[in-house]
Amino acid sequence: MVAATAPIEAVRERHVWEVLESVPDPEIPVLSVVDLGIVRHVRWIAGSDGQSKLHVGITPTYSGCPAIEVIRHSVAAALNEEGYPGAVIDEVLSPPWTSDWLTDAGRRKLESFGIAPPQRVVSNPRHLFRAHVVVCPRCGSGATERVSEFGSTPCKAHYRCTACLEPFDYFKCL
Amino acid sequence: MSTVTAAQPDRDVLFRYMLRLGDTSLVLGQRLAEWVGHSPALEEDLGLANLSLDLVGQARLLLTYAGEIEGKGRDEDALAFLRDAPEFVNLTLAEQPNGDFGRTVVRQVLLDAWQLELYEGLLQSSDARLAGIAAKAIKETRYHFRFSSGWLVRLGDGTDESHRRVQDALNDLWRFTTEMFVADEVDTALIAAGVAPDLATLQPRWSARIDEVLQEATLVRPAPVAYLWHGKRGVHTEHLGHMLAEMQHLQRTYPGAQW
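Just so you know, the protein sequences line up as chains A and B, in that order. Position one of the first sequence corresponds to residue 880 (my numbering), numbered consecutively onward. Position one of the second sequence corresponds to residue 17 (my numbering), numbered consecutively onward.
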């Protein structure tokens, strides 16, 4: 019943967020761009022709992440399909994305997908240098070791569980 | 363009400064990309490729901004692929050939430590867009330094062979580090405008960071070398031209080719 009284803008905005929740990250398709925390804003701004245009702000995870181009295209395509043609995708750089932006739902999805979620908040850069326990997403053991700081994508490190012996990806704290 | 307080720097000076930062990241990123498929182990192959990707990404942000400041319609691709060596203004150290893995690690430690201090300083830049790029880049650079310094310690404090190789590389590459801290008219103007951090304050921090790693790696810091290279003024060693010939080959042969 809220919807009936809510201003039309709020309804449209909520719908756009729902559409965005259906757009997967190309490298980790179990996560949507909303789960990943890279959608910064959804708003309508009047253009030079006086027509109000939908703007969606996206921030890159890593400066060189090649997925950002694919994400821009898939966001625009999904919006077009859902009745928002010509949406403008703004690139937002500040404040920079950190793994703290990952939503709780996103963390749970990562774990069920076999990728260990980032272990703690990284608002303090010193945390990057402190050893922390990464829990194996398969057997839950804390007896894991880092194989490589860098993994299959910029956002992941490569780990191995010494309890169940499975290798796995760890979504790095950034 | 972002608003700048204090003395408004000349547009051309600002353009050249952004180019220097962007070119250093781009050239170093391209050098690291040359390791893909050739690294000593798969993990290091992935590691160097990841570093390369971050650096090229940083270069895109910086060169895009440089192109906008210049205002002649050149985008990041035009700046990366359609300039010749004398128009590149990267630090000379970045263009030095990879050599063996140890030499690459030494070059990386010296430049990672430099970028860490530089980006830290740029967080306070009066140019908000540049400060934003630095805030993004510094988080990646911390990982780079952890990777490169970790390897320098393993190689330096490793076997006689690995120790000798990284010490030789350090002795050889050290002469290119002086350039980082010698301010010319571009640096001086932007330091005065609050856009760039004071190079004089970066040097002791860089030095302390490097000394800490060298000590743990049981390596000897080479004696200071006064000789200056001038990559940031477009005067390069012969290596850059060869590197660009490969990097720019496609765009030079098929101008405007799209992915």
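Any given hint might turn out to be false.
Claimed, not checked - Every beta carbon over 12 Å from chain A, so not counted as near; a handful from chain B, in silico:
(1) 57
(2) 149
(3) 194
(4) 219
(5) 246
Claimed, not checked - Partner residues aside, some chain A positions facing chain B, computed with beta carbon under 8 Å:
(6) 941
(7) 942
(8) 943
(9) 964
(10) 966
(11) 972
(12) 973
(13) 1027
(14) 1028
(15) 1029
(16) 1030
(17) 1053
Hint data in this document are derived by calculation from the structure and do not stem from the laboratory. Predicted model, so just to flag it, every value in this text is computed and none were measured. Cβ atoms here follow ideal geometry from the backbone N, Cα and C, with glycine treated the same way.
Query raised in the report: Hint by hint, which ones does the structure fall short of?
Result: 1, 2, 9, 10
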